[in-house]
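Starting from the given sequences, assemble the full structure and let the hints guide the process.
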Amino acid sequence: MSETNVLEILGERVGLGQSAKVSFNVAKLHTQNTIDVPVIIERSKKPGPTVLITAGIHGDEINGVEIVRQIIAKGINKPKRGTIICVPVINVFGFIHMDRLFPDGRDLNRVFPGSKNGSLASRVAHELMTKVVPHADLILDFHTGGADRFNAAQVRIVKNEVVLDELAEVFGAPFIYYSKNIKSSFRSSVYKLGIPMLLFEGGKSFNMHNAITNTGVNGAKRVLHHLKMLRSPFKVSSPKKEAVKILESKWLRASYSGMFKSVININTYVEKGAVIGNITDPYGSFNHFVKAPNAGYVFNINESPLVYQGDAIFHISTKLEGE
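In the numbering used here, the protein residues as written are 4 to 326.
Since the hints were made in silico from the structure, they are not lab data.
Treat the hints loosely; a few may be bogus.
[Unchecked claim] With a Cα cut of at most 27 Å, we get these calculated DSSO-like pairs of lysine-lysine: (1) Lys162 with Lys322; (2) Lys243 with Lys322; (3) Lys186 with Lys248; (4) Lys248 with Lys134; (5) Lys81 with Lys49; (6) Lys31 with Lys119; (7) Lys244 with Lys231.
Dropping the structure here:
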């Protein structure tokens with residue numbers, strides 16, 4: 004086994020054709036118990052690219068974790084060539100407590116690239132960025148909508164990146180949403196290293212949605228097939244239709260507090276002025292019709308039955324590619 008064919012990661016040496024389950028931990032709980040972040044590695048006998056598949060940066064985003072779980076359980080992560088590294092739950096602390104944040108109150112996705120001597124969340128970010136990410140040629144990161152906001156299945160990338168455009172189209176989600184990298188996010192830090200990342204969003208927190216899960220798993224299979232890494236037993240389906248590319252968008256916020264109900268489905272194209280929801284009070288004396296401010300696709304809907312004035316209730320496209 005030549006040195007060039009050995010993957011050295013988190014203190015382990017994994018050769019071609021080998022599998023390994025390693026972990027990293029950066030702190031102990033108050034009880035002195037350690038919390039490990041499992042890292043699952045599968046290597047083909049044939050050399051090739053290394054794909055890192057991650058989820059659970061936010062502990063309440065269960066659907067993303069389920070997508071990676073299925074990729075592992077079905078053996079999709081055993082490559083025809085190259086290496087696949089899976090980290091199903093990065094924020095194990097939050098996952099255990101069903102909390103979006105870390106125990107220190109920080110959002111892990113706002114402290115990257117992290118620091119060896121920083122906060123608890125910052126140390127986890129640093130460990131991931133220094134010990135795992137440098138091995139990757141491509142990253143697939145799976146998220147879900149925050150709180151009660153249900154995201155249509157979408158891949159988020161920055162504009163004017165040929166490689167990301169190609170991979171996003173291969174993934175085959177219904178929407179490709181061009182959005183800027185958020186400062187101190189995982190995506191932003193990876194981008195600065197020159198490693199391409201597809202960020203998948205779909206569903207909402209504390210929820211597993213079969214259609215969203217299937218879209219994520221099928222998208223991962225298409226990308227691996229494109230890289231000639233998917234083994235022959237797995238079939239690759241074509242997307243039902245070409246992805247809608249959203250160049251610009253806006254959040255529609257509640258004008259009043261009250262009981263909220265959407266009257267349209269996610270992924271719906273609406274015309275300007277169309278009624279898309281309503282806000283009422285419990286006493287039957289008030290009914291406000293929410294209307295689309297412009298024509299576009301609604302690709303996020305707040306599913307909370309109660310909203311406050313100013314809450315984000317719909318995310319609607321304002322400019323599509325080709326318009």
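Mind checking the alpha carbons of Lys244 and Lys231 for me, to see if they're no more than 27 Å apart? 23 Å, holds
Holds or violated: Lys248 with Lys134, Cα cutoff 27 Å? It is violated: about 34 Å lies between the C-alpha atoms, which goes past 27 Å.
For the pair supplied as a hint, Lys243 and Lys322, is the alpha-carbon distance within the 27 Å limit? With a Cα-Cα distance of about 22 Å, the restraint between Lys243 and Lys322 holds, given a limit of 27 Å.
Given the hint that Lys162 pairs with Lys322, test it: the Cα-Cα distance must not exceed 27 Å. 14 Å, holds
Does the structure keep Lys31 and Lys119 at a Cα separation of 27 Å or less? OK: Lys31 and Lys119 at ~15 Å, within 27 Å.
Hinted pair Lys81 and Lys49, Cα distance within 27 Å: Given pair Lys81, Lys49 holds - Cα atoms ~12 Å apart, limit 27 Å.
For a C-alpha distance cap of 27 Å, please report whether Lys186 and Lys248 respect it. 23 Å, holds
In summary, the one numbered hint that this structure violates is 4.
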